[in-house]
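Peer 1: Chain by chain, the residues run as shown.
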Amino acid sequence: MANRIRFLLLLWLLPLGALAATPKIQFWTTPQGAKVLFVETHALPMLDVRVVFDAGSARDGKLPGLAAFVNGLLTEGAGEWDADALAVRLEGRGIDLGTGSARDMAWVSLRTLSEAPVRAVAIDTLAEVLAHPRFDDEAIERVRKQMLVARRIALQKPGTIASERFFRTLYGDHPYAHPGGGTEQSLPKIDKARLRAFHRQYCVAANAVIALVGDVDHTTAEQIAERITAALPRGRHAPPLPVADPVPGGELRLSFPSSQTHILIGQLGVRRGDADYFSLDVGNHVLGGSSLVSILGEEVRNKRGLSYSVYSYFSPMRATGPFLMVAQTRNGKAGKTLEVMRDTLKHFVRDGPSQAQLNAAKKNLIGGFPLQISNNRKIVQYIAMIGFYDLPFDWFDTLPGKIAAVTLDDVRDAFRRRIDPARNIAVIVGGRSE
Amino acid sequence: MFSRLLSMLLALLPVIAMAGAASVHEFLLDNGMKVIVKEDHRAPVVVSQVWYKIGSSYEEAGRTGLSHLLEHMMFKGTRVHGPGEFSRIVAELGGSENAFTSRDYTAYFETLSVGHLDRAFVLEADRMRNLVFDEKEFRKELAVVMEERRMRTDDSPSGLTYEQLMAVAWRASPYQNPVIGWMDDLANMEIDALQRWYDFWYQPNNATLVVVGDVDPQQVLAMAKKHFGPIPAGTVPAPRRPAEPEQCGITRVTVNAPAKQPYVLMGYKVPNLASAVEDWEPYALAVATAVLDGGASARLARDLVRGHKIAASAGARYDLYSRLPGLFLFDGTPTEGHRAAEVEQALREEVKHLQETLVSKEELDRVVTQAVAAKVFQADSIFYQAMEIGILETIGLDWHLLEREIERLRAVTPEQVQAVARKYLKNDYLTVATLVPQPTDKPVHTTPITRGTTHGK
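These protein sequences, in sequence, are chains A and B. In this text, residue positions in the first sequence follow the working numbering: the first is 1, and each later residue adds one. In this text, residue positions in the second sequence follow the working numbering: the first is 1001, and each later residue adds one.
Please keep in mind that the hints were generated in silico from the structure rather than gathered at the bench. Each residue gets a CB set at the ideal place from its N, CA and C atoms; glycine is no exception. Just so you know, nobody snuck in bad clues.
Okay, derived cross-link-like pairs now, DSS-like style, lysine-lysine, Cα gap no bigger than 27 Å in a straight line:
1. K1140/B with K336/A
2. K303/A with K1140/B
3. K145/A with K1260/B
4. K1375/B with K378/A
In silico negatives: residues of chain A with every beta carbon more than 12 Å from chain B:
5. A116
6. D217
7. D245
8. A275
What the simulated footprint calls covered on chain B by chain A, stretch by stretch (three residues with Cβ under 8 Å from a Cβ of chain A suffice, anywhere in the stretch; the number is not a length):
9. 1034-1045
10. 1376-1385
Isolated chain A (complex conformation):
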């Protein structure tokens, strides 16, 4: 890629901040039991659909990669269409169909023109992809090989190695511990029976959230949601995930022949719905959540030139997600960078932000909220998340008030109770110091 940008945009900042004219979310449940969230907007002649299942890698069981494998096979043939026929059918009409998965969720996303004939093909095809993926032997073997290639590519990146080791150390036996893409040991063991069984259990209406944004009216949206779920068995919602237990802090160093050392420092953070969430997230915005305008950005990058990309975040999930601080630096400065990051956190937990820093963070989060929901793509991802995590449907309207209500004491208190620097796990991957 030819472009060089000044810093990496922090996409996980997404869920925060609100203002006057927010999109109105309509909500209902299909006869089959799927939750639907819909935002009607006719500004562009297009429709976005995002179907999310509680079927991320946390559901892999003993076979890391199983959820991603199933997710990847959905678009490799369904019903009467093999992969070639499916691709021609969609792309010949300008329809985009994509899939993806993370620890909690697996999703299928569709973007189509809203004109009825094209839309009908898009929705019929999506319904078939969800309900009747073929799991052809040929496709299974091919996707397995692709996943093994992706695995090798992951293992040639010191940042990925560090991240995997961090999760493995932090989560131990918890289903968040393993890499969602699977491993060289697990991928060969996944057979068709297991793929089908996973699909049967998790790709069911009661385990689905459907987000719709675009140029259709309410009645049409209802028909679409019904069509999408008609062929899905009702099934059951996935069971609750186990609780993630805290582990003792520590330090782990791995060597890798790279010119930079990647540093990850963190511990358990929050889960979705946690009462401390807003206090921690607003606090983190000051600490390291707003790229260069944050204490970590100031201390590590602006003041000392130690790292290009330094940040911190809470990743709230169904079970307790991590709190993480991340940086990379030339090998000779790894020790110094580690020290600055640790000191920064220690001081932040001890003293909290200043009133001025807190005010600035709140202004950014609240004032920036319209940007988070400024187009259809952002809205569909956002409402899918609201549906998936059972957040209140007035989220867009109440969020600014919740952020505004966070006080200095709230942040200090939450960080002192929830973040113990002594419990940090540090993973350090890179070349030896010169």
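Once you've looked at the hints, dock chain B against the given chain A.
Peer 2: Same frame as chain A, but now just chain B:
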């Protein structure tokens, strides 16, 4: 992975979204600064982008990376605003801001609630002429850019392969140099060189302001006049356009780097809209790209990934819009049991197929249909809409070309696709870079986790 990136970019490429000209307004300030405003009233937000005609292709040997480093310095304070203040002010306005440097342009942007556009103009106008070059800030930012280079290129097998491909493919074209600069050039960079670079190129008559969002064009013009208008026009040097000598044979480069997965990246020298003799040729090349790699039904996915199964991924990319002639790029990642050389061979077979057999009507229909749909989809992003206008203007093309793009793609015939494949996708114009993985685990030294330690000073 690079090939994902290729297809992603390609998806954006021949399919550019422009609503009717009615909603786009173009103005020229007295000092020569161009202002282009596009109305989009779907949300109360706006994006402001200031584009400068300056990038790595303007740089000379020994001074590579100047433009990008200067972009970093643009956040380090002016006579009015201290270091980092720009970012702090925009953040407090609830905005997001950043910048990017490419071979042909440097652009600065703010995305904001529409009421704050005025503040963005104040800040951008200030740093167009009033930048302060402080030696200490410069040294720190230079260190940051070197870290960026290590992260994106030196420690990235695909990044290194791309850099090496460009370095050997071009004999004279400044596209041979990486945007971020060679490490040794960075190490020898001096603050005076940056100051001169800034004084040369950061002039209102070398800049284009693009604004897209919930705005009134006349109000935007008034604001632009107020803030940018007082800046006097400067003398802008004519950019270098070194002609690339004709290549007369395949060029190869091997990249030995710590990695686990082989990879091949190759490119043919081709013209684009700014350099083509026949103006249909670039569109025919764009169609060829989409026939090869316009999705899962296109040839590379169908034949190399699903058919022969020799590639885990394969991509093609061609950029209609660059200042100087570029490369028609292919890349591929072999599956287990296959070598990079086989993927290269298969990609070249695809080229041969394009040269020998006419593309089908179904393929052309699919390409145009996708382009039409993508045009609608892209209108969902104000950032993208501003970006495409900015790129064209900055490389010296008229943004109105975007409006005719679908029509031009639709007019491409199978014979024209074949003709450009024969004329340009020739072995004599080909450069191949092959990544040969070297061990990543040789010096492994693992320290087991030490439980219960505390850290910090």
